[in-house]
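Chain by chain, the residues:
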Amino acid sequence: MQVMTNSNSKPTTPGNDLETMRILVIEDDREAATWLLKGLAESGHVADHAADGEEGLALARERVHDVLIVDRMLPKLDGLSIIQTLRAEGVTAPVLILSALGDVDERVKGLRAGGDDYLAKPYAFSELLARIEGLSRRRHQEPQQTKLKAADLEMDLLTRTVVRSGRPIILQPREFKLLEYLMRNAGHVVTRTMLLENVWDYHFDPQTNVIDVHVSRLRGKIDKGFDEPILQTVRGAGYMIRLA
Amino acid sequence: MSPPHQSSNHSSYWKLFHTSTFRLSAVYLIVFILSVGAILAYIYWNTAGLLERQTDETIRAEVQGLADQYRIRGLDGVLDTVRRRSSDESGSIYLLTTPEGVRMAGNLVSVPDEIAIEDSGWTEFPFNVKTSTGTEPHRARAYYTELPGENVLVVGRDIEDMRQFATIIRNTLITGTLIALVLGIGGGLLTSRNFLRRVDAITDASRSIMRGDLSGRMPVQGTGDELDRLASSLNQMLDQIERLMRGMQEVSSNVAHDLRTPLTRIKARAESALRSGAEGDFKAALEQTIDESDRLLQTFTALLSIAKAESGQSREGLQPVDAAVILNEVAELYEPFAEDQGGSLKTDISGELNVRANRQLLAQAISNLVDNALKYGESPASGFPEIRVTGGIVGDDAVITVSDRGRGVAPEDRQHVLERFVRLDESRSRPGNGLGLSLVAGVMKLHDGRVLLEDNGPGLKVKLVLPRLQAA
Chain A
1 MQVMTNSNSK PTTPGNDLET MRILVIEDDR EAATWLLKGL AESGHVADHA
51 ADGEEGLALA RERVHDVLIV DRMLPKLDGL SIIQTLRAEG VTAPVLILSA
101 LGDVDERVKG LRAGGDDYLA KPYAFSELLA RIEGLSRRRH QEPQQTKLKA
151 ADLEMDLLTR TVVRSGRPII LQPREFKLLE YLMRNAGHVV TRTMLLENVW
201 DYHFDPQTNV IDVHVSRLRG KIDKGFDEPI LQTVRGAGYM IRLA
Chain B
1 MSPPHQSSNH SSYWKLFHTS TFRLSAVYLI VFILSVGAIL AYIYWNTAGL
51 LERQTDETIR AEVQGLADQY RIRGLDGVLD TVRRRSSDES GSIYLLTTPE
101 GVRMAGNLVS VPDEIAIEDS GWTEFPFNVK TSTGTEPHRA RAYYTELPGE
151 NVLVVGRDIE DMRQFATIIR NTLITGTLIA LVLGIGGGLL TSRNFLRRVD
201 AITDASRSIM RGDLSGRMPV QGTGDELDRL ASSLNQMLDQ IERLMRGMQE
251 VSSNVAHDLR TPLTRIKARA ESALRSGAEG DFKAALEQTI DESDRLLQTF
301 TALLSIAKAE SGQSREGLQP VDAAVILNEV AELYEPFAED QGGSLKTDIS
351 GELNVRANRQ LLAQAISNLV DNALKYGESP ASGFPEIRVT GGIVGDDAVI
401 TVSDRGRGVA PEDRQHVLER FVRLDESRSR PGNGLGLSLV AGVMKLHDGR
451 VLLEDNGPGL KVKLVLPRLQ AA
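Read top to bottom, the protein sequences are chains A and B. With the first letter of the first sequence counted as 1, position 238 gets the number 238 in my numbering; the numbers rise by one all the way through. With the first letter of the second sequence counted as 1, position 276 gets the number 276 in my numbering; the numbers rise by one all the way through.
Isolated chain A, as found in the complex (with noise of 0.2 Å):
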C-alpha cells in the first residue's frame, strides 16, 4: 500500500470542487500505476494503491474510499470477480473499471458486473480525471434531486423545462438528456465518449464526430442571445457547463 499524499480529508458537500477524494488503484502494471498514482496526486487526491487483487479486495473492504479504480486483469483475483464480492458484501463506492480489454462487449460486461464506468487502455489521464470526479459527484449528489441550476440556467426534472434567465428554451429530448447529464456535471470537464456513453448509452467509438454537432445545436439554443456563454468547449479535452 502506497500513500501519495497525508492528506486524510474525506469529501462530503456535493458541488465542492476543492474537495480531494481518496482513491483506491488496483493496477497490478508498475509503470502504469506509478503514472497514475501521480497524476492523482497532482490533482489534490490521495491515492492508495493495490498490486493484486486479494491486496486490492482487502483494501477496498475498508470501505474508506471514495472511488476504486480497477484494472480487470490482476494476479491473483481478477478486477470483476473483485466488483461483484465488494457489491455482494454491500460496498457501494464508485468503481471505474481500467482494461485493455476495450471492445463494446467488454464494456458492457464490466458494468453489468457491477462497474460504475469503464475504460478502455490506453487513455488519457484528462479522461480518467473526469470520470473518476464525475463518479464521485454522482455519488454524493441527492438522490430526489428536482431541479438543476448552473449559473442563470434553471432545468426543472419534473416538469422537464429549461430557463435562462426567466427566458424559456425549448429543447428536444435528447437534448434535453444531454444538457441534463452536462449540468450534473457542471463546473467539470465532459468528455465526448462520456457523453455518447451518458445520453446515447453507446460505448463504441462512432468513427465520424457525431457529439459535437449534437452539442453546438445545444449551444445555438441555450447560448443564442446571451452574452457570455454558459456552455463551453475545453480544447483536447471537450465541453463543460459553466457553474457560475
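Mixed in with the good hints, there may be bad ones.
Short, incomplete list of chain A residues facing chain B, as computed with Cβ under 8 Å [claimed, not checked]: (1) GLU42; (2) VAL104; (3) VAL108; (4) LEU111; (5) PHE176; (6) GLU180; (7) PHE204; (8) ASP205; (9) PRO206; (10) GLN207.
None of these hints come from the bench; they were simulated from the model. Glycine included, each C-beta is placed from N, C-alpha and C at the ideal position.
Since the structure of chain A is provided, determine the placement of chain B on it from the hints.
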C-alpha cells in the same frame, strides 16, 4: 529382385490383405461358397440320391414279391419266377442258390465274395456284363436274403449308369464350386487393389498438400462413388482452407502496410522536430504523435472487435431487441451531422423489427454504414451526402437498408469490400481504416444475418437481413 524391393512387394500384398474391401470380399466369398455348397448338395441329393433311393425301393419290392411267391408256391414258384425274369435284358440281377451255396437259377454265376451270408442286407459288388465286343466290368447293388428253406436269394440292379451319372454330377458340382472360388478371390483382389490404388492416390495427394503445396487436390474419377464423394468434399475443404489462408496473408500484409504508414509518419515528424529543435515543433510533433497513436489504437480495437464477432464468442450477449428503435436512435445520432455537412439523412422505418441481437454491436454496425455513406456517399449532383435509412419486414426477415446516392460500388468489388482493410479509395485520401464494413459483416455473421451490397441506381444500398424473432 533386390531384398528391399521384395520386402516392399511383400508389404504391398500385406497391405492389400488388410484393406477393408479385401476383408469384405473375403466374407462375401465365404458366404457365397457356403450357399453354393448348400445348393449343390441339395441338387445332388435330388438327382443322384433320388435314383439310388428309387433303385433300392424297386429291389426291396421285388424281394418282397419273391418272398410272397415262396410262401404261396414254395421254392418252385420262386425258381420259376427267377428263371423267367433273368432271361430279360433289363439290367436286373438275380441269383437263387441251394442252402449249400450252389446256383439253382439266375443270371449271376456265383454268390459274390462280398456276401458273407448271415441273414440279409445290402451289398455292392463288381460283375462282368457281356457286350457285343466282349465283357465289361460293371458294378451292381443288390439285396440278399435267406429264404425259410435256407436257400439264398440275391436281387440286384446294374448301377453302373447311375454311378457314372453321379460322378458327372459330382464333378460338375466340384468344378462349379472351384470356378466360383477362383472368380471370387480374383474379383476380391482386383477390386481391393483398385480401391487401394485410389486410397493411395488420395494419401499421396494429402501428403503433398501437407508438404506445403496448398493448390494440390484429391483425384476425382468422376464416377460419383463414395471415394469420389470423399475426395470432392476434401477438395471443397481444401478450397475453403486455401481461401482462408489467402485471406489471412492478405490481412497480415494489409495490417503491415496500414500500420507502417502512420508509424513512418510519426518517426519522420519526431526526427524533423528533433532536427529543428524549436519548442513549437516539439509540441506539434507530440500532438501529431498522439493523434496517430489514437488512430492506430482505433484500428486495433476494430480488428479485435471483428475477430471477436466472427468467432461467435459474443453469442450469449444476444437478446430480443427492437431493431427499429436502434435504427431510429442511430439515425437521430447522425442526422444533425449529415445536415451540418449540407446533406440529408431520411428515415423510413415501419413498425417493430423484433430480432435477437446485441444492441451495442447492431448499433455499431448501422453506425458504420451511416458513417460510410457520409464519407463516400456524396451525390455527384449536389456534392452532399443524401442518405436514406429504412427498416421493414420481408417474409421471415427484418431488413435494414442504408443507401446513398454516391458513386456506388462496382458489382465485382461488392464482396471484396467486406474484407478487412479493403478501401476502394486507392489514394487513401479520405479518413478511414477499411474495417467498417468488415465489422458489419462480422456482426451479421454473429447474428446469423447477411450483408448485401446492391446498386441504388445511382449509389450504394447496403442491406442487412436478420432473422425475425417470431412472437411466442
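Now the hints, each set against the structure:
This hint is violated: A:GLU42 has a C-beta 19 Å from the nearest C-beta of chain B, more than the 8 Å allowed. Against a cut-off of 8 Å between C-beta atoms, the interface hint on A:VAL104 holds, since the closest Cβ of chain B lies about 4 Å away. Because the closest C-beta pair between A:VAL108 and chain B is about 6 Å apart, less than 8 Å, the hint holds. The closest approach between the C-beta of A:LEU111 and any C-beta of chain B is roughly 11 Å, which is over the 8 Å cut-off, so the hint fails.
The interface hint given for A:PHE176 is broken, as the beta carbon of that residue sits about 13 Å from the closest beta carbon of chain B, more than 8 Å. A cut of 8 Å between beta carbons decides the hint on A:GLU180: the least distance to chain B is about 17 Å, and the hint is violated. With a least beta-carbon distance of about 4 Å to chain B, the hint placing A:PHE204 at the interface is held under the 8 Å criterion. A cut of 8 Å between beta carbons decides the hint on A:ASP205: the least distance to chain B is about 6 Å, and the hint holds.
For A:PRO206, the shortest C-beta to C-beta distance to chain B is roughly 5 Å, which falls under 8 Å, so the interface hint holds. Because the smallest distance between the Cβ of A:GLN207 and any Cβ of chain B comes to about 5 Å, under 8 Å, the interface hint for this residue holds.
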